[in-house]
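Number of protein chains: 2
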Amino acid sequence: MSRPVAKVRVRSYIIRIQTGNVDGFIRRPAGLSRFRHCCRQHRRVEISTDTQQPFITVPRDFKIPEPLPLDCGRELKEVNIRYETAGELAPDGSNAILIAHALSGDAHVCGRHAPGDRKPGWWDAMIGPGRPIDTNRYFVICSNVLGGCSGSTGPGSVDPDTGRPYNMSFPVITVRDMVRAQKRLIDHLGIRKLLSVVGGSMGGMQVLEWAVSYPEAMASFVPIATACQFSPQNIAFDWVAREAIKADPNWKNGDYPPESPPSKGLAAARMLAHITYLSEESMSRKFGRNLQDKDTYDFDFDFDFAVESYLQYQGRCFVERFDANSYFYITRATDYFDLAGRTGGDLVAALSPVRAAALVVAFSSDWLFPTAQSRRLVDALLRNRVQVSFCEIESGYGHDAFLLEVDKLGRMVRDFLAHQREVFHG
Amino acid sequence: MSRPVAKVRVRSYIIRIQTGNVDGFIRRPAGLSRFRHCCRQHRRVEISTDTQQPFITVPRDFKIPEPLPLDCGRELKEVNIRYETAGELAPDGSNAILIAHALSGDAHVCGRHAPGDRKPGWWDAMIGPGRPIDTNRYFVICSNVLGGCSGSTGPGSVDPDTGRPYNMSFPVITVRDMVRAQKRLIDHLGIRKLLSVVGGSMGGMQVLEWAVSYPEAMASFVPIATACQFSPQNIAFDWVAREAIKADPNWKNGDYPPESPPSKGLAAARMLAHITYLSEESMSRKFGRNLQDKDTYDFDFDFDFAVESYLQYQGRCFVERFDANSYFYITRATDYFDLAGRTGGDLVAALSPVRAAALVVAFSSDWLFPTAQSRRLVDALLRNRVQVSFCEIESGYGHDAFLLEVDKLGRMVRDFLAHQREVFHG
Chain A
1 MSRPVAKVRV
11 RSYIIRIQTG
21 NVDGFIRRPA
31 GLSRFRHCCR
41 QHRRVEISTD
51 TQQPFITVPR
61 DFKIPEPLPL
71 DCGRELKEVN
81 IRYETAGELA
91 PDGSNAILIA
101 HALSGDAHVC
111 GRHAPGDRKP
121 GWWDAMIGPG
131 RPIDTNRYFV
141 ICSNVLGGCS
151 GSTGPGSVDP
161 DTGRPYNMSF
171 PVITVRDMVR
181 AQKRLIDHLG
191 IRKLLSVVGG
201 SMGGMQVLEW
211 AVSYPEAMAS
221 FVPIATACQF
231 SPQNIAFDWV
241 AREAIKADPN
251 WKNGDYPPES
261 PPSKGLAAAR
271 MLAHITYLSE
281 ESMSRKFGRN
291 LQDKDTYDFD
301 FDFDFAVESY
311 LQYQGRCFVE
321 RFDANSYFYI
331 TRATDYFDLA
341 GRTGGDLVAA
351 LSPVRAAALV
361 VAFSSDWLFP
371 TAQSRRLVDA
381 LLRNRVQVSF
391 CEIESGYGHD
401 AFLLEVDKLG
411 RMVRDFLAHQ
421 REVFHG
Chain B
1 MSRPVAKVRV
11 RSYIIRIQTG
21 NVDGFIRRPA
31 GLSRFRHCCR
41 QHRRVEISTD
51 TQQPFITVPR
61 DFKIPEPLPL
71 DCGRELKEVN
81 IRYETAGELA
91 PDGSNAILIA
101 HALSGDAHVC
111 GRHAPGDRKP
121 GWWDAMIGPG
131 RPIDTNRYFV
141 ICSNVLGGCS
151 GSTGPGSVDP
161 DTGRPYNMSF
171 PVITVRDMVR
181 AQKRLIDHLG
191 IRKLLSVVGG
201 SMGGMQVLEW
211 AVSYPEAMAS
221 FVPIATACQF
231 SPQNIAFDWV
241 AREAIKADPN
251 WKNGDYPPES
261 PPSKGLAAAR
271 MLAHITYLSE
281 ESMSRKFGRN
291 LQDKDTYDFD
301 FDFDFAVESY
311 LQYQGRCFVE
321 RFDANSYFYI
331 TRATDYFDLA
341 GRTGGDLVAA
351 LSPVRAAALV
361 VAFSSDWLFP
371 TAQSRRLVDA
381 LLRNRVQVSF
391 CEIESGYGHD
401 AFLLEVDKLG
411 RMVRDFLAHQ
421 REVFHG
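In order, the protein sequences belong to chains A and B. For the first sequence, this note's numbering begins at 1 and goes up steadily by one. For the second sequence, this note's numbering begins at 1 and goes up steadily by one.
Only chain A is shown next, with the shape it has when bound in the complex (with noise of 0.2 Å):
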């Protein structure tokens, strides 16, 4: 199965692919001076194309029958996931592709719940009919994480056995606990093999978990933006993070009354973590040190740079929309997330269950998950004979290239999925 890979320049970006496999990816991504221009103005891009109708998604419930295991001993009654699909599965099952999301993320991936919603799915770009991940060929499901605020069992959830939100006595989970969720939810649509499973960043986490975990279970995973262990620079801003929430004085060790969170110190969070998704680039060209509204600095310390508008308005925004408590559980999670870590160290054994074949995505200015992780990850897949192929796109928008660079990313993985789809068929 090792096959000899090589090293293509192809105009704008740089693959990595195992020869013979993916012809298709060798061609230039058209339109990108356009696209790139779209991305400036929003964080979240829509791509219009002709086949795009109101695209409609439904949220859905699904409670799993018996209590939840978890890494830290405990267990889990009544663990509610909230999740939502996108196309038809296919009789034989074999068009299944689950989508794991971020931090911040939630089920709604795709499409709108109703037709004047204004915004669409954290991935509406990547995912829908047409879209590179289409919803006309492939069943799509995107599932709120455990531990999450979206509708999924967290720590905002009541405890069955005391009657009272669970807040701080909800159990420590790990990024294993999450996919063990998702498993369940699998097993309850009648899905015995995933075609692939797909995320960046945190979610590209839950891949490689899902890889290690239950490598029967899946045809392909598409890790993006992501790497095998949080490094001691991402635990140390989780940690400065979840210090400014517990200066704000609403945080009250997490028993806050729904209506007064701690939204001072999530929003500092959530600014940090931005910076972090951000390249030096990216902010340069979209802020530079361009004034909000003004000639000249103000002498005070309201706003005076457009980048400190910018960031208050992302603070502002996540607090209506997130829950300080499960900002603490989840990144924790992830803090905790180093599969080496079960095997001594070693990264060539913690990835020896991997069966499926792999398309790991860095970008180029990502330096929250630096491309150097992402070769560590493929070199330890490729020393256990795993069918990898490697790309970094070069990018200056930072960690955020996975939500924004959708036309290049998009080719590569609209390929890879047909690729392996054919192969499953086989």
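Calculated from the structure, these hints are not laboratory results. Treat each hint with caution, since some may be false.
[To be verified] In silico BS3-like links for lysine-lysine, alpha-carbon gap of 30 Å or less:
(1) Lys252/B <-> Lys294/A
(2) Lys193/B <-> Lys252/B
(3) Lys294/B <-> Lys252/A
(4) Lys252/A <-> Lys252/B
(5) Lys294/A <-> Lys193/A
(6) Lys183/B <-> Lys63/B
(7) Lys119/B <-> Lys286/B
(8) Lys77/B <-> Lys63/B
(9) Lys252/A <-> Lys77/A
[Stated by the list, open to error] Calculated from the model, a selection of chain B residues having no Cβ within reach of chain A, i.e. all distances over 10 Å:
(10) Pro59
(11) Arg60
(12) Gly130
(13) Gly151
(14) Trp367
We treat Cβ as the ideally placed atom computed from N, Cα and C, and that holds for glycine.
Chain B: place on chain A using the hints.
Chain B alone, transformed into the frame defined by chain A:
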């Protein structure tokens, strides 16, 4: 004056020099491996030398007799500048070197205040008898910046008009204001022309401000790990740090009593800043994912990782010695720092007043002030026919390298100063 530049690789560092000027630079640092080991143990490194004697420095105060005009249009009355000196001023005044400190520094740059003091000044490894900036040869001056909290007038000082602390009624100051106050001190000390002005990080900004504002008052300048402007990413980190302080209920819009400062918020701000002072490499080498005094995860939100414990310690130490309001004012001064902002973005024009010779130093893993920013400075100086030496020191320590890479940096600075003094005398 403009000469061709040569690029020379000398073992572990690259020097770009004006040919013929600085032969003394091309020497390999000795004892490097031992020094490195030492650096890992302590942030403030002390190099033992045979010449070392108890070296005592004394804090002094200079009250500026006239009101100090500020860039914001206001003026400050009864400004005090806390400063220290070391060495003897030469009869012809040709050996005076001003050191400018970084954000959290102070006037106590070298030596001890009493023989039993546990810690020496913050750059003691660089300055003292027999050190790279040798106080047997040079007269060294360092003052606490305007806006600071270590003796110089700042937001914690009493407003002579009200008899109460300024707190947030203190005027917003700039790096140029800091330098303006330093110039009053230098005049008071009877120094017509400094041999050099030296500083790293925010100290480097003051150095650049000196070179532009008082070109005839200095023979040379050494900006280290700095830039001609604060980048949007730098501004963003400052914004979040101040938001974390604001989220602390003890801040009270700056009107906190000295005995109950916003310690949690200030600690979070410091921890955040501290992450930016280290490189991913140095964090990985120093901490990795090591656990703190345990073998397995605790599945809670207290310390699990060594890096968390370290950050918490850094935050706790900082709040014992630093004032939250000063943190507001000093970070705002750095936000506003933009030399080219005064000349419509034209850095070459902004630097046109410069007459002194420069040694510009950057560190390869410094992502807060990347080498590219130093290169822009060097290019703009060269286009002004300024005599410039530039060195990027290869180091894994990130921004903190300017405090830690004393061996490499010390040799550069020692030789540069020796050469400048010869020229000064000549």
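Hint check:
Simply put, Lys252/B and Lys294/A have alpha-carbon atoms about 28 Å apart, close enough for the 30 Å limit, and the pair holds. Between Lys193/B and Lys252/B the CA atoms are separated by roughly 45 Å; this puts the pair beyond 30 Å, and the hint is violated. About 28 Å separates the Cα atoms of Lys294/B and Lys252/A, which keeps this hinted pair within 30 Å; it holds. At most 30 Å may separate the alpha-carbon atoms for a hinted pair to count; Lys252/A and Lys252/B meet this at roughly 18 Å.
Using a Cα cut-off of 30 Å, the hinted pair Lys294/A and Lys193/A is violated, with the two alpha carbons roughly 57 Å apart. Distance hint between Lys183/B and Lys63/B is fulfilled; the C-alpha atoms sit about 13 Å from each other, no more than 30 Å. About 22 Å separates the Cα atoms of Lys119/B and Lys286/B, which keeps this hinted pair within 30 Å; it holds. Taken as a hint, the Lys77/B and Lys63/B pair is honoured in the structure, with Cα atoms around 10 Å apart against an allowance of 30 Å.
Of the supplied pair hints, the one linking Lys252/A and Lys77/A holds, its CA atoms being roughly 26 Å apart against a limit of 30 Å. Pro59/B, annotated as away from the interface, keeps every beta carbon of chain A farther than 10 Å; the closest lies near 30 Å. For Arg60/B, the shortest C-beta to C-beta distance to chain A comes to about 30 Å, beyond the 10 Å cut-off, and the non-interface label holds. No beta-carbon of chain A comes within 10 Å of the beta-carbon of Gly130/B; the shortest separation is about 37 Å.
For Gly151/B, the requirement that its beta carbon stay farther than 10 Å from each beta carbon of chain A is met, with the minimum near 24 Å. The beta carbon of Trp367/B is not kept farther than 10 Å from every beta carbon of chain A, the shortest such distance being approximately 7 Å.
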